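Enquirer: Letter by letter, the chains look like this.
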Amino acid sequence: MNPQDPNLPPPGGAPPAEDAASQALAEALRSSFFIVKIIMVGLVLVFLGSGFFTVRPQERAIKLRLGKPVGQGSQALLNPGPHWAWPAPIDEVIKIPTTSLTNADSTVGWYLTAEERAKGAAEPPPAPQLNPATASYALSADTNIVHVKATAKYHITDPIAFHFDFVDAPAFITNALNNALIVAAGEFSVDAILSSNRSAFRERVQQRVIELTDGEKLGVSVDQVDVDCSAPLYLKAKFNEVNQAGIERDNLLNLAQSYKTTNVLHAIGEATNRVNLAESARKRMVTMIEAETNAFLRLRGQYERNPELFKRIRQMAVLENVYTNVEAKIMVPPNSRELRFQLNREPQAPTSTAPTQP
Amino acid sequence: MKRTPLTLAVAFVLIVIFGMMLFFYQVRKSEAAIVTFFGKVVHVKTDPGLGLRLPWPIENITKLDERIQNFDGKADQIKLNDQFNLLLSVYVGYQISDPTNFFQKWGSGSLPDSQAERSLGDLVRSSKNEVAGRHNFSDFISTDLQQMKFTNIEREILEDAQRRVKGTNFGVDIKFIQIKKIALPESVTKDVFTRMTSERETFISRIRSDGETEATKIKSEADKQASLLLSDADAQARIIQGEGEAEMMKSLEILQENPDLATFNMQIRALEQFLQKKATLVLDLSTSPLQWLKMSEPANKDK
Chain A
1 MNPQDPNLPP PGGAPPAEDA ASQALAEALR SSFFIVKIIM VGLVLVFLGS GFFTVRPQER
61 AIKLRLGKPV GQGSQALLNP GPHWAWPAPI DEVIKIPTTS LTNADSTVGW YLTAEERAKG
121 AAEPPPAPQL NPATASYALS ADTNIVHVKA TAKYHITDPI AFHFDFVDAP AFITNALNNA
181 LIVAAGEFSV DAILSSNRSA FRERVQQRVI ELTDGEKLGV SVDQVDVDCS APLYLKAKFN
241 EVNQAGIERD NLLNLAQSYK TTNVLHAIGE ATNRVNLAES ARKRMVTMIE AETNAFLRLR
301 GQYERNPELF KRIRQMAVLE NVYTNVEAKI MVPPNSRELR FQLNREPQAP TSTAPTQP
Chain B
1 MKRTPLTLAV AFVLIVIFGM MLFFYQVRKS EAAIVTFFGK VVHVKTDPGL GLRLPWPIEN
61 ITKLDERIQN FDGKADQIKL NDQFNLLLSV YVGYQISDPT NFFQKWGSGS LPDSQAERSL
121 GDLVRSSKNE VAGRHNFSDF ISTDLQQMKF TNIEREILED AQRRVKGTNF GVDIKFIQIK
181 KIALPESVTK DVFTRMTSER ETFISRIRSD GETEATKIKS EADKQASLLL SDADAQARII
241 QGEGEAEMMK SLEILQENPD LATFNMQIRA LEQFLQKKAT LVLDLSTSPL QWLKMSEPAN
301 KDK
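Line by line, the protein sequences give chains A and B.
Just so we're aligned, residue 1 is where the first sequence starts under my numbering, counting upward by one.
Just so we're aligned, residue 1 is where the second sequence starts under my numbering, counting upward by one.
To be clear, the hints were calculated from the coordinates, so they are not data collected in a lab.
The model shown is predicted, which means the values in this text are computed figures rather than measured ones.
The reader is advised that the hints may include incorrect statements.
List of simulated lysine-lysine pairs, DSBU-like, C-alpha gap at most 35 Å [stated by the list, open to error]:
#, chain 1, residue 1, chain 2, residue 2
1, A, 95, A, 153
2, B, 278, A, 311
3, A, 217, B, 224
4, B, 29, B, 40
5, B, 250, A, 95
6, B, 40, A, 119
7, A, 283, B, 278
8, A, 283, B, 224
9, B, 294, A, 63
10, A, 238, B, 149
11, B, 224, A, 63
12, B, 277, A, 311
13, A, 217, B, 29
14, B, 190, A, 236
15, B, 219, A, 217
16, B, 63, A, 68
17, B, 224, B, 79
18, B, 294, A, 311
Label-pair ranges, simulated between beta-carbon atoms [stated by the list, open to error]:
#, chain 1, residue 1, chain 2, residue 2, range
19, B, 37, A, 93, 43 to 49 Å
20, A, 333, B, 260, 17 to 23 Å
21, B, 83, A, 250, 51 to 57 Å
22, B, 280, A, 313, 37 to 43 Å
23, A, 257, B, 245, 39 to 45 Å
Note that CB positions come from ideal geometry on N, CA and C, so glycine has one too.
Starting from the given sequences, assemble the full structure and let the hints guide the process.
Expert: In structure tokens:
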């Protein structure tokens, strides 16, 4: 028997069982290590795969590698599309919305706070005096109280400045709006703010907001500022009365303008008519006298040969014409002593010649 | 256990990561890192990237935000130069300019409502009250834009606050100060409302009377214009009539050569025109040529 023969059982009986157990343990460890390896490879793949990210069309991204932006200036901005970065803590990706418009609301000047406005709270009851600790308003140039609020629509043009130069850039825009409302209100009278020069007031607010955001290089472009204004709640009825008086005045002026238009147009027509009448009278008169002169020249020779005969012939010719064309002819019988006519005030219906009573 | 290359690689990576965590620190853009050696500042790193360090607790790293931070100042009632009372509050933007000083004075606190902001707020309030107190009410709001000094006041407050901050070891720089609220004392608002009510009533009566005056003016202007138009037309008509008469006079010179014939012609034509229509003639037999109807009487006897 060869004591080195591995196929022979160890002396005493126990060793063969130990060997089998060791083998089983080794086998189990091998299997476990294999699973661990698989898991480790999987984790490495997950680790590397977690670095993929997408930049959407309305945003830009900045990749910080060990805290430092990858690229200088605008080259540091990642455009829309798929990208890859080392997982944290090596790389850090910061996404910033750029092209989409963002709203910022003012927080001073209105009788409701921004939160109350967002919740749709009702108007507070009118108060005869305003506590500055709780009420908010602006002062107009003519030292009147007025409520104003504004909403700015902006988009980010320089994401690096917007994100890395300011802790809270949106708060800056909100306060720029607040400041712009106070400044602009201080330059306009209450009537200009509420009615007569509202658009100029809005433009001044927008101009001031742009001045402030550009001045601090906030990296945004203010596209639009909407402004809303209101009289103090306590005086709203009085302001409405002023508006009503203005409407009444406008109506009165419209009526007067209408009267003017009608009257002047009528006068123009009447004047034209009078001139035309004069012109036609002139023409008629000139034509008549010319006709008379022509007849005179034509008949003068005949007349001068025998004036009496000429007159008789012309007279007879005219009488013939007249007797023929007159509407009624009444012959008075010879030796009549009287002639009676019945004259009606109202014109008679056209029948025949007037009845006569001899 | 056998040491496979993969096991060695994993172990190496783990050791590297652990070593980096112990011996390196990272500074982001817009951050400053203060490295302290048993509490003493030994290095300040302001540029972004990796920095070397000794492991904690030998060296400690504190990071400060170097971006512009902001806070709202408290509203104060200020007596202006013209004795007018005004409530004013401002909005302040500041930035850590000296991280070492800031850290030594305030620790790592640059958060809202921190001691740093409260102290800075007090300092700005002093500047605001002092500067505003030198100005009149009309410097804040005025219908005369030349008189208004709103932006100048903001600049003066900023310069004064910056000067005060320089004299401290706050380690910050004030970047901007904007007035965010102006208000009147509560009792004054009541007077303002009374005045505004009276102004509105004056406006209402003025608007109404102005409207009536303007409407009357427009109407009388219209009447005047119409009257002028008609009188101009009458004048023009008279001129035309005169021109017609002048033209007629030329023909009269010809007619004057035989006035008897001219008169006869015109009379006979007028008679013809006059009796052309709707006329009723009452005739007796003596009227020429009706006398010829009287057969019993001599033919040569007229009438």
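Enquirer: If a hint holds in the structure, say so; if it doesn't, say that too.
Expert: Okay, the hints, checked on the actual structure:
1. 95/A <-> 153/A: holds (20 Å)
2. 278/B <-> 311/A: holds (26 Å)
3. 217/A <-> 224/B: Distance of about 64 Å is beyond 35 Å: violated.
4. 29/B <-> 40/B: holds (24 Å)
5. 250/B <-> 95/A: violated (103 Å)
6. 40/B <-> 119/A: Violated, because 51 Å separates the two Cα atoms, which is more than 35 Å.
7. 283/A <-> 278/B: holds (27 Å)
8. 283/A <-> 224/B: holds (31 Å)
9. 294/B <-> 63/A: violated (139 Å)
10. 238/A <-> 149/B: holds (32 Å)
11. 224/B <-> 63/A: violated (81 Å)
12. 277/B <-> 311/A: OK: residue 277/B and residue 311/A at ~24 Å, within 35 Å.
13. 217/A <-> 29/B: holds (17 Å)
14. 190/B <-> 236/A: holds (15 Å)
15. 219/B <-> 217/A: violated (59 Å)
16. 63/B <-> 68/A: holds (15 Å)
17. 224/B <-> 79/B: violated (60 Å)
18. 294/B <-> 311/A: holds (24 Å)
19. 37/B <-> 93/A: 43 to 49 Å: The hint (43 to 49 Å, Cβ to Cβ) is violated, given that residue 37/B and residue 93/A are roughly 34 Å apart.
20. 333/A <-> 260/B: 17 to 23 Å: At roughly 37 Å between Cβ atoms, residue 260/B and residue 333/A fall outside 17 to 23 Å, so the hint is violated.
21. 83/B <-> 250/A: 51 to 57 Å: violated (43 Å)
22. 280/B <-> 313/A: 37 to 43 Å: violated (26 Å)
23. 257/A <-> 245/B: 39 to 45 Å: Holds, at about 42 Å.
Comparing the model with each earlier hint shows violations of hints 3, 5, 6, 9, 11, 15, 17, 19, 20, 21, 22; every other hint is respected.
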